[in-house]
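K.L.:
Keeping their order, the protein sequence lines are chains A and B.
So the first sequence is numbered by my numbering: it starts at 45 and just counts up by one.
So the second sequence is numbered by my numbering: it starts at -11 and just counts up by one.
By construction, these hints were calculated from the structure, which means they are not laboratory data.
Honestly, I wouldn't trust all of these hints.
As the list claims (entries may be wrong) - One-sided and incomplete, this derived list gives chain A residues near chain B with beta-carbon spacing under 8 Å:
no. : residue
1   : 114
2   : 130
3   : 134
4   : 144
5   : 153
6   : 412
7   : 413
8   : 525
Note that the coordinates shown come from a computational prediction; the quantities given were computed from them, not determined experimentally.
Every residue, glycine too, gets a C-beta built ideally from N, C-alpha and C.
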Amino acid sequence: MLRVRDVTKSFVGNLVLRGASLDVHPGEVVGLVGENGAGKSTLMKILAGVHEPDAGTIEIGGEPVSFGHPVQAQQAGIATVFQEFNLLPERTIAENIYLGREPRNGRLVDVAGMEREARSLLEGLGITGLDPTRRVRTLSVAEQQIVEIAKAVSLDARVIQMDEPTAALADHEVALLYDIIGNLTSRGVAIIYVSHRLREVLDLCRTVTVLKDGEQVDTRPAAELDEGTLVRLMVGRPMSSFFPSARPGTQPGDIRLELREAGNDHVDGVDLALRAGEIVGVAGLQGSGRTELLEAIFGMAPLTRGQLLIDGDPVTIRSPRQAIRSGLALVTEDRKATGLALQQSILDNALGVVRSVFPGRTPAAQRDVPGLLGSLSVSARSLSQEAQFLSGGNQQKVVLARWLTTHPRIVLLDEPTRGIDVGAKHAIYEVMRELAAEGVAVLMVSSELPEVIGMSDRILVMRDGRLAGELPAGSTEESVLALATGVDEVAS
Amino acid sequence: MSIAVRPGRTISSTTIVFAVLVLAIVAGTIITAVNGRNFFSVGNIDNVLTTMTILGLIAVGQTLVILVGSLDLSVPFVVSLASVTAGGIMAGQTGRILPAVLVTLLIAAVIGLANGLIVSYLHVHGFIATLGTGLILAGYLASNFEGNQGAAPRAFRLLDATRIGPVPIATLIMLGCALLAILMLRRTRLGHHIYAVGGHAEVARMSGVRTATPIIAAHVICTVLSAVAGLLLLARLGVGQPTVGSQGGYDLMSIAAVVLGGTLLSGGKGNIVGTLAGVAIFAVLDNVMGVMQLNPFLKDVVRGVVIVVAVAVYARREIDRRPARFGSASPIPQEVR
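Based on the provided sequences and hints, a complete structural model is requested.
P.N.:
Okay, structure coming up:
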């Protein structure tokens, strides 16, 4: 149905796509994988009508097409659900779905009809209980994604591209997405599925296309592939070294951070002890209070009950500034909104926290920055490049640099590898191991279970704002899920 | 699969504005009574409605401009220009009312078109674009008009003098324009697209909305409504005055009324009904302070406090989005030592 042949694209002399091809048949799910910078996003944006290709052809149903505007791609039957949703938070679900195509009754917009259509559209996707008059701002990430998909369906899309659709979803929401994808493919809609989560790609897709450095490395039926092969195709690095092991001689030391019966409006009754040199993972469903726990420790929503001790001394932390002064660092889950100043240079970002909290240490930190960025292997043109022009992986490394320049003793990480490529993930894992070897205590929240299991010395599982339990290193995904959902056996 | 409906609907900002308005009216009634007068007397209500009419018209236009993500600082000069232009053309003759009104509205539309084109195609923010066109108009008015201009014929002055019950015709014109604007926002594509472009221009563009159209339309409607306000001022004063707009401070007062009415200054969220309530709050405050014979500087202090407190309240509501999980059910908070 959709044939892409030898598409090339360069930006300011930089060849990012050199001859990519793709075949998509009705009702199939095609996986598109590759590291960030491999050209996946560019290929998607070309199919979405955001960019025009320099060379190559796109055919839909045998007809050659070219898009100068996203609307033309939509009219041709290709809809795209980007990672950053194209939704208006202050408008309702129905208004968002029919934006630009509001049904009219004479001259006036038929609001009731629009809501009715939106409802039946959602019900067609198997979703009940989502009121089309709700404002998008009040929806969860998963619900917003459903709205995007419903919008694509309302456009009569024959191909729906999804960019990292599960990046921000908890596991039970992923199951819902799988159901929706199954529903769509049974109607003959084809899905182009772009994800860093290789297991998902293998589970969902009939064929998988691997891109590397703008070139198509391979296209194979998913049945012939496993995760190890995919990683090797993407980066040329075997799977076994994916989660680096602890540095030799890393030993859990004294307790760095301790919470006793701690709580606020969002978490309650938290007892935990974090030792120097430890990496502790925090797992749990979306909304189980993982982020809220980090925010409570870091003084963003200060604790109102219980005790917080650092190196055995009770400490009151009422603001992030106090937390930083106490030796804490927090890498937030949304690097673009809260991690970085996108319009500032790499250098200014790396020094952002030091400058405001420890001004006296700025000159020393400034001397350290080039070496630090080098050890993180940040690829950028210069230190004065604005953070917004970096890839997601490099941005995340700059976020880490921003905190490492403060020489923290306790590092809190919230989804540290969300939406970044395999190479950058690996670099961040190495940094975590290095920190642990230096005696830093690391607390990592992550929705990716393999990551929690692969990196953690211990795993804390949260449920409904409380710690549901603790599991040792090397626990199975099933045991983590059982604790997170509160059922003994996990039916899949 | 079914999705649970989450509880915890927050009070809308329109509800808050109306609560404040009711509060202001109650306080006004008491204060007026203490001063030995009746707030709801025909004369007093007339005073409040008259104050509302001019600012209301401009604020309705300003709401559209702010919703689409822009601002209009040129409104006071459009008001003045409308007043002197129409006054000059009418020159006291009844037969010239219609051409005067048409020419005035046309000129205003052209100014709005210029504002809209500068904002949408030259990508100059509305603040600067209309500051510029406003300055041009101010300079033109100051160098070409001195003192009162022309005269409104008696028939035109009836617009201000006639009442249906206690309500002046001028106020009905304002309310009619507001109703049309509400209908436009709720039930036309243009209205929906004004919200969309103000909410996120790129999202609107990706959905196939021509983003320039709503911006230009909002600016044109805003200047035309300001010109209507200028015409009503002409009807009230009988002569065109080149400084009538700037003396009213309608640029900042209209923006204040819009924001007080719960519209987001950055655009994409808000409504006309809230704006009208915001205008009414200012009118009631002015009226009560007039009855109390308050020092005019103190009046400004009161207005300033109202604006800042209102926006601070809205901002707090924005922050407290995430419902507490343990807040209400938990025991008395202890200090963390």
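K.L.:
Would you mind marking each hint as holding or not holding in the structure?
P.N.:
Here's how the hints hold up against the structure:
For residue 114 (chain A), the suggested interface contact is upheld, since its CB lies about 5 Å from the closest CB of chain B, less than 8 Å. Proximity of residue 130 (chain A) to chain B holds as hinted, the smallest CB-CB distance being about 5 Å (cut-off 8 Å). For the restraint placing residue 134 (chain A) at the interface with chain B, the shortest Cβ-Cβ distance is roughly 4 Å, inside the 8 Å limit, so the hint holds. This hint holds: residue 144 (chain A) has a C-beta 4 Å from the nearest C-beta of chain B, less than the 8 Å allowed.
For residue 153 (chain A), the interface hint holds, the least distance from its beta-carbon to any beta-carbon of chain B being 5 Å, beneath 8 Å. With a least beta-carbon distance of about 34 Å to chain B, the hint placing residue 412 (chain A) at the interface is violated under the 8 Å criterion. The closest approach between the C-beta of residue 413 (chain A) and any C-beta of chain B is roughly 33 Å, which is over the 8 Å cut-off, so the hint fails. A least Cβ separation of about 18 Å between residue 525 (chain A) and chain B goes past the 8 Å threshold, and the interface hint is therefore violated.
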